[in-house]
Each structure stands twice: as structure tokens, then as C-alpha cells.
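S.K.: Make a model of the complete structure from these sequences and hints.
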Amino acid sequence: MKGKTLLLVEDNPDHEELTLRTLRQNKVLNEIVVARDGEEALDYLFGQGKYAGRDVSQQPELILLDLKLPKIDGLEVLARLREDARTELIPVVILTSSSEEEDMARSYKLGANSYVRKPVSFSQFTDRLQQVQIYWLLVNESPNKGG
Amino acid sequence: MLVLAATLPALALLAYRAVADRNDMLERSFVELEVVADARAISLGRLVEGARQLLITAAAVPAIRLGPHEICRDYLQELMRRFPMYPFVGVLNPDGTLRCVDDPDLRQANLSERDYFRNAIERRDFIIGEFVMGEIAQKGTLHFSYPVLVEGRFGGVIFTSLDLNDLGREALGGTMPEGTVVTVADYEGVILFRGQDNERSQGRKLEDGRLVAALNEQGQGRLKALGPGGRHWLYAFANIPGSEDRTAYVIAGLPEETALAAANAMLPGQLLALAAALLIALVAGRTGAGAFVLRELRQLQGAAKRIASGNLNARVGISAGPREVVEVAEAFDEMAQWLEARREERDRAEAELRRSEALLAKAQQIAKLGSWERDIEIDRIYCSDQTYEIFDLTRALLPEPDYESFLALVHPEDLSIVESANRQLAPNRPTLDFQHRIQLLSGEVRWVRERGEVTFGEQGRQVRLIGTVQDITELKQAEVALRESEERFRALTELSADWYWEQDEALRFVNAGSIRKEPYVLAAEGKRRWELPENRVSAEDWARHKGQLAAREPFHDFVMQRLDRNGRLVAYVSISGYPIYDQSGQFRGYRGIGKDVTERERAKEEVRALNQRLSALLAERTGRLEESEALFGALTDLAPQVVWSSNADGAITYFSRRWYDYFGGSSDDWLGNGWVTVLHPEDRDAQLEKWLHAAQQGTGYETEYRCIARDGHTVTFYSKAVPVRDAGGRVVRWVGVDTDVTEHKRIEAELARSNQELEAFSYSVSHDLRSPLQVIDGFSEALEQDCADKLDATGLHYLQRIRYGARFMGQLIDDLLNLGRVSRAQLSIEPVSLSAICREIVDDLRASEQSRNVAFRIGEGLEATADPRLLRVALENLLSNAWKFSAKNPQALIEVGELVQNGVRAFYVRDNGAGFDMKYEGKLFGVFQRLHAVEEFPGTGVGLATVKRVVERHGGRIWVQAAPEQGATFFFTLHERH
Numbered sequence: 001m002k003g004k005t006l007l008l009v010e011d012n013p014d015h016e017e018l019t020l021r022t023l024r025q026n027k028v029l030n031e032i033v034v035a036r037d038g039e040e041a042l043d044y045l046f047g048q049g050k051y052a053g054r055d056v057s058q059q060p061e062l063i064l065l066d067l068k069l070p071k072i073d074g075l076e077v078l079a080r081l082r083e084d085a086r087t088e089l090i091p092v093v094i095l096t097s098s099s100e101e102e103d104m105a106r107s108y109k110l111g112a113n114s115y116v117r118k119p120v121s122f123s124q125f126t127d128r129l130q131q132v133q134i135y136w137l138l139v140n141e142s143p144n145k146g147g
Numbered sequence: 001m002l003v004l005a006a007t008l009p010a011l012a013l014l015a016y017r018a019v020a021d022r023n024d025m026l027e028r029s030f031v032e033l034e035v036v037a038d039a040r041a042i043s044l045g046r047l048v049e050g051a052r053q054l055l056i057t058a059a060a061v062p063a064i065r066l067g068p069h070e071i072c073r074d075y076l077q078e079l080m081r082r083f084p085m086y087p088f089v090g091v092l093n094p095d096g097t098l099r100c101v102d103d104p105d106l107r108q109a110n111l112s113e114r115d116y117f118r119n120a121i122e123r124r125d126f127i128i129g130e131f132v133m134g135e136i137a138q139k140g141t142l143h144f145s146y147p148v149l150v151e152g153r154f155g156g157v158i159f160t161s162l163d164l165n166d167l168g169r170e171a172l173g174g175t176m177p178e179g180t181v182v183t184v185a186d187y188e189g190v191i192l193f194r195g196q197d198n199e200r201s202q203g204r205k206l207e208d209g210r211l212v213a214a215l216n217e218q219g220q221g222r223l224k225a226l227g228p229g230g231r232h233w234l235y236a237f238a239n240i241p242g243s244e245d246r247t248a249y250v251i252a253g254l255p256e257e258t259a260l261a262a263a264n265a266m267l268p269g270q271l272l273a274l275a276a277a278l279l280i281a282l283v284a285g286r287t288g289a290g291a292f293v294l295r296e297l298r299q300l301q302g303a304a305k306r307i308a309s310g311n312l313n314a315r316v317g318i319s320a321g322p323r324e325v326v327e328v329a330e331a332f333d334e335m336a337q338w339l340e341a342r343r344e345e346r347d348r349a350e351a352e353l354r355r356s357e358a359l360l361a362k363a364q365q366i367a368k369l370g371s372w373e374r375d376i377e378i379d380r381i382y383c384s385d386q387t388y389e390i391f392d393l394t395r396a397l398l399p400e401p402d403y404e405s406f407l408a409l410v411h412p413e414d415l416s417i418v419e420s421a422n423r424q425l426a427p428n429r430p431t432l433d434f435q436h437r438i439q440l441l442s443g444e445v446r447w448v449r450e451r452g453e454v455t456f457g458e459q460g461r462q463v464r465l466i467g468t469v470q471d472i473t474e475l476k477q478a479e480v481a482l483r484e485s486e487e488r489f490r491a492l493t494e495l496s497a498d499w500y501w502e503q504d505e506a507l508r509f510v511n512a513g514s515i516r517k518e519p520y521v522l523a524a525e526g527k528r529r530w531e532l533p534e535n536r537v538s539a540e541d542w543a544r545h546k547g548q549l550a551a552r553e554p555f556h557d558f559v560m561q562r563l564d565r566n567g568r569l570v571a572y573v574s575i576s577g578y579p580i581y582d583q584s585g586q587f588r589g590y591r592g593i594g595k596d597v598t599e600r601e602r603a604k605e606e607v608r609a610l611n612q613r614l615s616a617l618l619a620e621r622t623g624r625l626e627e628s629e630a631l632f633g634a635l636t637d638l639a640p641q642v643v644w645s646s647n648a649d650g651a652i653t654y655f656s657r658r659w660y661d662y663f664g665g666s667s668d669d670w671l672g673n674g675w676v677t678v679l680h681p682e683d684r685d686a687q688l689e690k691w692l693h694a695a696q697q698g699t700g701y702e703t704e705y706r707c708i709a710r711d712g713h714t715v716t717f718y719s720k721a722v723p724v725r726d727a728g729g730r731v732v733r734w735v736g737v738d739t740d741v742t743e744h745k746r747i748e749a750e751l752a753r754s755n756q757e758l759e760a761f762s763y764s765v766s767h768d769l770r771s772p773l774q775v776i777d778g779f780s781e782a783l784e785q786d787c788a789d790k791l792d793a794t795g796l797h798y799l800q801r802i803r804y805g806a807r808f809m810g811q812l813i814d815d816l817l818n819l820g821r822v823s824r825a826q827l828s829i830e831p832v833s834l835s836a837i838c839r840e841i842v843d844d845l846r847a848s849e850q851s852r853n854v855a856f857r858i859g860e861g862l863e864a865t866a867d868p869r870l871l872r873v874a875l876e877n878l879l880s881n882a883w884k885f886s887a888k889n890p891q892a893l894i895e896v897g898e899l900v901q902n903g904v905r906a907f908y909v910r911d912n913g914a915g916f917d918m919k920y921e922g923k924l925f926g927v928f929q930r931l932h933a934v935e936e937f938p939g940t941g942v943g944l945a946t947v948k949r950v951v952e953r954h955g956g957r958i959w960v961q962a963a964p965e966q967g968a969t970f971f972f973t974l975h976e977r978h
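Line order of the protein sequences matches chains R and C. Using my numbering, you'd call the opening residue of the first sequence number 1 and step up by one each time. Using my numbering, you'd call the opening residue of the second sequence number 1 and step up by one each time.
Each statement offered as a hint is correct.
The following residues of chain R were derived to be distant from chain C, with all beta-carbon distances above 12 Å:
#	residue
1	46
2	58
3	84
4	139
Have a look at the derived ranges for each label pair, beta carbon to beta carbon:
#	chain 1	residue 1	chain 2	residue 2	range
5	C	757	R	14	25 to 35 Å
6	C	901	R	124	34 to 44 Å
7	C	863	R	88	38 to 48 Å
8	C	745	R	131	41 to 51 Å
9	R	130	C	757	36 to 46 Å
10	R	131	C	849	19 to 29 Å
11	R	131	C	753	39 to 49 Å
12	R	29	C	793	31 to 41 Å
13	C	863	R	29	50 to 60 Å
No lab work stands behind these hints: they were computed from the structure. Predicted model only: the values in this text are computed from it and were never measured. In this text, a Cβ means the ideal position worked out from N, Cα and C, and glycines have one as well.
M.R.: See the structure below:
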């Protein structure tokens with residue numbers, strides 16, 4: 001698990017802080033990289049723009065992706081990274097306030113691995129995030145995990 | 001003596017001439033009387049005809065037949081005013097009382113016994129009735145009557161009278177010989193008018209019965225008979241035309257002595273002249289008047305001698321001498337001249353006679369008619385040549401035939417006929433007419449007809465019989481042949497007919513001896529066909545039939561209804577007949593056949609009835625069809641849609657008016673496949689193909705297509721058509737409706753757009769409204785966890801309140817979004833098990849609050865077709881409500897089931913919780929409506945609104961029954977309406 005990063009794509013700083021706090025509380029040891037919009041997320045993943053020169057062979061172990069993002073929205077980001085061989089297998093968990101079923105359906109269609117709704121109740125959110133974390137970071141065996 | 005010798009031949013000639021003159025005069029008088037009688041009869045005939053026309057015309061006037069009293073009366077009075085020659089015109093009821101009169105006396109009169117009344121009823125024809133010394137008109141009148149028919153039945157008699165004095169004036173008109181007396185008499189011989197002694201004669205009978213008999217037998221002729229004053233009169237008579245029989249007659253009479261008076265008057269004068277001459281001669285001779293006289297006398301004598309010898313040219317030629325002698329000579333010469341003229345006349349007459357005798361002989365020969373005269377007293381028979389011829393005798397063979405020799409030639413079997421004919425001769429029956437056979441010497445048998453008239457002498461002794469004999473052998477043979485052929489015919493007709501009938505000349509049935517009887521007729525003999533109560537025929541048909549009979553026309557297939565005694569229709573009969581005439585061409589009646597045609601007529605009636613029904617039905621149908629077509633036309637024209645129809649092949653046959661509103665033009669432009677040109681170019685080929693395909697397949701047709709209207713706008717039609725099939729299931733035409741959905745489409749597009757916007761809004765709500773709440777709650781929790789040591793109990797409580805508020809708002813947002821989703825979501829209807837859904841929800845509820853002990857009773861097999869997600873939303877809300885509101889009942893019971901109410905299946909969810917007052921029922925399903933405090937039962941107030949929306953989207957209803965503390969039952973139906 002060392003050296004593996006976790007990419008959080010979240011534009012709202014409040015949410016970012018609350019999410020990071022939860023992740024920390026849940027003893028996540030991964031380096032957490034935060035992208036504040038879709039473009040930044042893609043730059044990071046593909047080693048371009050702000051992240052030009054990054055070693056893209058080192059990809060995050062898990063991406064927590066908000067849907068509503070400035071510049072390039074979450075679904076677009078999802079679509080792009082599923083198109084690219086370098087990123088297509090990275091587990092993506094959609095973290096969103098949207099309870100729209102269509103969003104959920106489209107996310108899965110585009111290759112999201114999980115869809116987690118952010119409830120208003122923060123403690124519920126904490127619970128769910130913890131489950132996601134346990135599942136995707138500890139339980140799940142992904143192809144590039146060992147690499 | 002000399003004188004006497006001279007005058008005697010003159011006397012003889014005078015006597016001869018007197019007799020000849022007498023016969024001449026009689027003949028001339030008869031001829032003159034005949035002329036008078038004929039002329040007067042014709043003239044009176046016009047009067048009668050006038051009366052006949054008047055009555056027939058009046059009888060046909062509805063006012064007479066049916067009219068009210070006043071109209072009828074006024075009409076009659078007008079008639080009398082206009083035709084003063086008819087002193088009275090009246091109408092009799094069938095009982096013989098007068099109608100249409102005001103006079104009370106007249107109203108009481110009953111004329112049913114009158115001849116003219118009875119005859120008119122009996123004969124149904126114009127009647128010249130009896131003479132009446134008027135009770136009504138108060139003068140001598142002759143009555144005429146005519147039956148009044150109402151609907152073909154006897155309805156009375158109209159009659160009028162003619163003043164006999166008017167009749168007389170007419171009878172006396174014109175010139176006639178001196179001394180002629182004209183008499184008008186009826187068929188019984190009653191004198192209606194007489195030119196002489198009228199008052200005394202009127203109403204009395206003619207003096208001589210022979211005249212009456214001759215009137216009725218001959219109708220027209222001459223007769224010498226007894227007349228007024230007991231003298232012999234010469235009569236000529238003629239019947240007055242106008243009535244078939246029982247007419248009246250005009251008789252012109254002249255006393256025989258008057259007729260002869262002229263002839264007689266001449267004789268005495270001439271004799272006187274002769275006697276005077278003789279006297280003078282005698283006187284002269286006896287007194288010896290002298291030689292000079294003697295010379296003249298000798299001259300006179302010589303002339304007389306010459307005349308006596310036949311030289312009628314002889315004249316005395318004395319013009320000078322003693323006055324007496326000259327006068328005698330002049331008288332003599334005058335006489336001689338007259339005699340000469342007479343003789344020439346006689347010679348001419350004789351030549352004429354000879355010629356006519358030769359003519360008569362020739363005629364007799366041709367007619368095979370011989371004449372004979374039998375002198376009974378001396379038993380000699382004088383025969384004409386033709387008579388000899390008939391008996392195949394010659395004068396040489398039988399120069400002096402007598403009665404015995406005649407009888408010898410009579411066929412032995414017919415002797416009795418001859419003898420009885422002769423025996424029956426009597427003064428009142430002086431003529432004979434009979435037929436018998438004779439057997440000639442050669443053995444040949446001939447038929448002869450003998451006619452003769454006997455002259456009686458004193459004490460009724462038969463003196464002489466003058467007559468004719470006619471060879472009628474050929475006629476007889478023809479008669480036999482005719483009879484045989486008639487027999488054959490009759491046999492044939494009897495075979496083809498059901499019965500055979502005969503009527504006499506008055507159209508009364510005679511016993512025809514038919515081998516079969518006419519069905520249902522009891523006693524026809526002596527009656528006329530229309531007098532039989534068994535026969536029923538319409539008035540028009542009777543009239544037509546009678547017209548044919550009157551015209552003596554043959555008739556064929558005259559159909560009558562045959563009634564039984566109770567007037568019930570039992571049969572139809574058809575009769576055919578033809579008139580029969582005797583040898584003399586005299587009409588003798590009708591003869592014919594009858595057939596029972598009941599079956600034929602019934603069949604005809606059935607067909608007729610059927611036809612009537614059919615045509616009535618057809619008319620009704622046509623009427624209905626027209627009505628429905630008109631209705632259809634009006635409806636289709638009024639309809640906002642285009643209504644159209646096509647034939648089975650898809651060629652359009654009709655567009656309603658709306659089509660023309662869109663596209664203008666006329667039907668020629670669009671019918672058939674012309675409509676395709678208005679299609680939007682992009683849709684054209686596909687639509688035409690689609691339509692023709694549907695028409696070919698006979699399936700339904702439903703599509704949307706775009707058209708370019710005449711104003712250039714694009715119009716979208718929703719088009720739906722159904723095939724109309726005949727009884728055999730074959731498509732006969734299509735009927736379609738095209739609805740303009742252009743506006744609808746526009747609204748639909750707008751709605752879609754606005755839905756999209758709403759979608760976006762909801763999205764942002766779900767995202768952006770919730771986001772800050774998460775932040776609030778998140779940091780509240782962080783505060784609570786990380787800074788708990790810095791907060792006291794109050795501070796912690798406030799944090800709780802903040803977090804609760806945030807979460808409640810989150811719930812509200814969720815519920816509202818849910819409600820919106822329920823409203824917008826596309827329904828996907830499929831079979832759903834309510835029972836299964838409810839059990840899942842119940843499991844969730846129990847899991848969410850395990851401390852509670854709630855009994856559930858979920859009906860088994862609750863099935864519906866619905867959108868499963870929406871139905872789940874609804875049931876979740878209902879069940880969680882029930883769960884929630886029964887929280888305070890330790891024996892909470894929640895039931896889900898179904899029941900049928902008013903034929904509609906309803907599901908229900910029942911709890912025994914808090915319930916509510918039904919007066920708030922109306923608020924229950926509104927958004928944010930709550931009946932309980934949040935502290936009591938938490939909730940956003942959106943749930944039931946969502947349930948209601950789900951139910952309504954399924955075409956159902958929701959309602960509730962509840963009472964405070966007695967729980968609530970929510971009922972809902974699905975698919976009640978769409």
C-alpha cells in the first residue's frame with residue numbers, strides 16, 4: 001500500500017476538508033492528492049499541465065470523484081480516464097451529493113466502480129466512506145495493485 | 001139512252017179512281033205520320049237527354065251525395081233556378097224520404113213506392129219514371145231519376161220532373177198534316193200528353209191495347225187501330241231515345257176518315273157534274289129542243305164512245321151552241337182530260353208495280369223466301385214461284401195446292417208443330433212464326449220458317465192467312481254447326497274453368513247448368529252480378545265492369561272478392577265473359593266462365609304486402625340513411641379534425657371541409673392519391689408507402705405526418721384510420737381522422753424543454769442545496785468530536801439542534817426531489833406483486849426500528865400492473881406512515897389488502913394508530929400538510945402528496961377513512977381512467 005496515492009477530486013474546500021478529516025480518522029495511510037477541478041484531475045493522471053513530467057506509471061490506487069466540478073465535470077473525467085490505457089483500470093468511486101438516478105446510471109455506464117451518495121448527515125458519510133476505503137483499498141484486488 | 005150510254009163509262013172510271021186514290025192517301029198519310037213521329041221523338045229525346053245529363057251530373061256532385069243539408073239544398077235550388085224547365089229537382093234518401101228540403105210537408109213525404117225510385121234502385125240506371133199528377137209540382141209531370149252512389153253503394157236517388165205541358169209544346173212543334181194528333185205515351189200506354197183534349201186524356205191509357213203492344217214490341221212503326229172517338233186511326237209511332245227500354249213513345253195519329261177525306265171529297269163533286277150533264281141531256285131530249293141540239297148531243301155521244309173504247313184523247317170540242325149543251329160538253333171534256341191523266345198515271349204506276357214485283361220476286365229468290373196466301377174458306381193456297389221452288393214443285397205438278405197437299409209435304413215429325421201453330425191463331429194473336437222441316441218428293445229434307453198473319457172475318461172466323469215461307473236449311477245447318485262448336489267450346493271452357501255462367505239481356509243470371517257450382521254463391525239466378533251480396537268489388541271496378549257490359553265488350557279476368565254469409569272474405573274469383581247475340585244481331589246477354597283464383601290473389605296480395613313493407617322499409621332506411629348522411633356530413637364539417645374516407649385500395653374518396661380549410665382547392669385536387677402532394681417533401685414517400693401498405697394489409701393505421709398548408713405553414717397531423725368491413729370481413733372502405741397536432745407538438749416541445757430545465761434545477765437542488773447542509777453537519781460533528789471538551793452541555797445541545805435542522809432540511813430536499821421525480825418519471829408499466837413489495841418494505845421498517853413490535857398482515861397475491869419503482873415509493877410512504885403513526889399503540893397492527901368497491905378494485909393500507917379527524921381529509925394530500933406536530937410524529941408532509949401523485953399517474957384515486965385514535969385506512973385504485 002505504500003507509495004500508492006489516493007486521488008480526491010473535489011472542488012468544494014469544505015467538503016475537501018471534511019473528507020480529508022474522515023479519511024484521516026479512518027487511518028488512510030495513502031498519500032492523498034487533491035484535484036480541485038476535472039482538468040487538474042486529468043492533468044495529474046496524465047502528467048500534463050501543472051503535473052507535467054509526473055511519472056504517470058505511478059497511478060493512484062483509488063480515485064474519489066465528485067461529479068459536479070468546474071471546467072471538466074466528473075463524468076467527463078471518468079470517461080476520459082476510462083478511454084486511456086494508463087488509467088482505465090483505476091478504481092473510481094463517485095462521491096456526490098446528487099441522488100439523481102441518471103447520474104448514477106451514467107457513472108456506472110462510464111465505468112465507475114462505486115457510487116456513494118454524500119448524505120447530509122456527516123456521520124453517515126463517515127460510515128460510508130469508511131466502507132469504501134476498506135473495500136477498495138484493503139479488500140479489492142486490482143490488476144495494478146501489486147505493480 | 002144515248003145520254004146514259006155516254007156517261008156510264010165515265011162513272012165507272014170515277015169509281016176506279018176513287019179506290020186507287022184512297023189507298024194512295026192512306027199510304028201517304030202513314031208516311032207523313034211516320035215523319036212526324038220520328039221528328040217529335042228525336043226532339044223529345046233531347047229533352048230527356050237533358051234531364052239525364054242534369055241528373056247524372058248532379059248525382060256526381062259531392063254536395064248531393066255527402067254534403068251538409070244547407071249546401072245540398074242551396075245546390076238544388078240553384079239547379080231549379082237555372083233550369084226552369086225542370087220544376088223540381090230532389091234527392092231521396094235510401095228510405096224514400098226527401099233530403100235537402102226545408103219544407104216540412106216535403107220532408108214528411110215518402111216516395112219509396114214511386115216507380116222512378118224503385119227502378120233507379122233496382123236498375124242503377126237512368127229511369128224515365130211514371131206519370132205523376134204532381135203532388136209536388138202541382139201539374140202533370142213526368143219523372144226522371146238516377147241513383148246516387150256513395151262509395152259505390154246505393155246512397156239514394158236524385159230525380160227531377162218535366163212539366164208535361166212543356167213536353168207537349170215540344171211534341172207539337174214543327175209542321176204536321178192537318179188533323180194530326182200527337183200523343184206521348186209511356187211504355188205502359190199511359191198518355192202523358194195529347195195534342196187534343198189533353199186534360200181529359202192525360203193519365204189515361206191508350207184506346208187500343210194493340211197499339212200499346214206494338215209500341216213495346218216494335219219501338220217504331222205504324223198501325224191502324226182504334227183511337228179517340230171510337231174511330232179508326234192511322235198511327236205512326238217512335239220511341240223517345242234516352243233510355244234503353246221502358247221508354248216513352250211519340251205517337252202521331254190521324255183519323256182514317258180524315259186521311260181519306262181528300263179522296264172522298266173529290267168524288268161527290270165529279271159525280272154531281274156528271275149528274276148535272278145527264279140531267280140537262282135528258283131534259284133537252286125529252287123536250288125536243290131541236291135539231292141543233294141533237295147535233296151537239298151526237299158529238300157528245302161520239303166522244304163518249306171513243307172514250308169508252310179506250311180513246312181517252314176524245315174531246316167533244318163544242319164551244320158554241322145552247323148554253324146548257326156547251327156546259328155539258330165542257331164538263332165532259334174536262335172529265336175526259338182528267339181520265340186521260342189518270343190513265344197515264346195508272347200506267348206509270350202499273351209499270352212501277354211490275355218492276356217492283358219483279359224485284360220482289362228476285363229478292364224472294366235470293367232470300368229463298370216465298371209468299372203464299374191461304375184462303376181458308378175455299379181451302380186454296382196461292383203460292384209465289386219461289387214458294388214452289390222451296391217445296392221443289394212446279395205449277396204444272398200441283399196447280400191448285402190446298403192445305404192437305406201442304407201437310408203432305410211437312411216432315412212427319414213436325415206435323416204437330418204446324419198444327420199447334422195454326423191452332424194458336426186467335427184475334428188477339430193473329431200472327432204465326434214457326435220453323436219446321438219439310439220432306440220433298442225427292443226425299444230431301446229442308447228446314448223452313450213460316451210467318452203469317454191471319455185475317456178474321458165475322459164472329460172471329462179465320463178467313464185468310466197471308467204469309468211467307470223461307471228456306472232456312474243452310475241457316476239451320478250453320479246453327480247446328482255453331483251449336484256443336486259451342487258445345488265443344490263450352491266443354492273446353494268448363495274443363496279450364498271452375499264454373500260457367502250466363503246472363504240474359506238484362507244481365508241477370510240464368511241457370512247455365514254448369515257442371516260445377518260457383519263457390520259460396522247461394523242463389524244467383526235472376527240477379528245481376530253486383531246484386532249478389534257474396535261479391536265484393538271496389539266501386540271503381542264495378543263501374544268499370546258495368547261500363548264494359550254496357551258497351552257489350554268482352555271482359556277477361558275480372559277479379560272479385562267472395563264473401564261468406566258473415567261478410568268474411570273466403571275466396572277470390574275471376575270471371576271472364578263475352579256478349580252473345582242472336583242471329584238477328586240482337587244482344588242476348590253474356591256468357592262466360594269463372595275461376596277460383598284465391599291462391600293466386602293471396603299470393604299476389606302477399607307479394608304486394610311484401611313489396612309495400614319493403615318499400616316502406618326502404619323509404620325508412622333511405623330516410624335514415626339520408627338523415628345519418630346529413631348528420632355525418634354536418635358533424636364531419638363541424639369537426640375540428642379532417643375526416644376522410646377511402647376505398648379499399650386506399651384511394652381517398654372523401655375529405656371533410658377542414659381539409660379544404662388547410663389546403664384549399666377542390667375535391668378533384670385531393671381525392672385518389674392527390675393528397676400526397678401536400679405532404680412535407682421529407683415525409684412524402686414514406687407516408688404514402690405506409691398508408692398504401694396499411695390499406696393493403698387491412699390493419700389499423702396510425703401515424704404522424706407533416707403537411708405544407710396553403711399559407712406555407714407546416715402542419716403536423718396525427719392520423720388514425722380504421723377499415724370498415726362488410727359482413728364477409730372484407731375491407732370495403734377506410735374511415736380516418738386527421739387531427740392537427742401542430743400546436744400540441746409545439747406545447748409538447750415546450751414541455752420537454754421546461755422539463756429539461758426542471759431537471760437541471762432539480763439536479764442543482766440535489767447537489768447544491770444539499771452540499772452546504774453536509775458542510776454544516778460535517779463541521780458540527782467535527783466540532784462535537786474535536787472540541788467537545790471546550791463545550792458545555794448547552795453548547796452540545798445547540799450543536800445537536802443545528803445538526804437536526806440540517807438533516808431535516810436534507811430530508812425535505814430528498815422528499816421534494818422524490819415528488820418531482822414521481823411526477824416526471826417515464827412510466828414503465830409491468831405486472832407487479834404488491835405483496836412482495838410490501839414485505840420488502842416491512843423488512844426495512846422492522847430493521848430500522850427493531851425495538852418496535854408491530855404486527856403486519858399483508859394480503860397474499862396482491863397483483864397489479866404498474867410502474868414498480870413508483871408503486872414502491874407510494875407503498876413505502878403509506879407503510880412508513882402507518883408504522884410511524886401507530887408507534888404509540890403497543891398492539892400496533894398494519895394491514896395491506898384489497899377489496900372491490902362499486903365494481904372497482906381498491907388496495908388499502910390500514911393501521912390502528914393515531915388516526916385523525918376526517919374534517920382535515922381535504923388537507924391531507926397537499927404538499928407540506930401535516931396533521932400532527934413534528935415533535936409528535938416526525939415527517940416532512942410531502943409523503944402523501946407523493947403517494948397521491950403516484951396513484952394519479954396510474955389513473956387511480958386515493959382516499960382515506962380515519963378517526964382520531966382509531967387508526968386510518970388509505971385506499972387507492974389503479975387504472976380507473978387514463
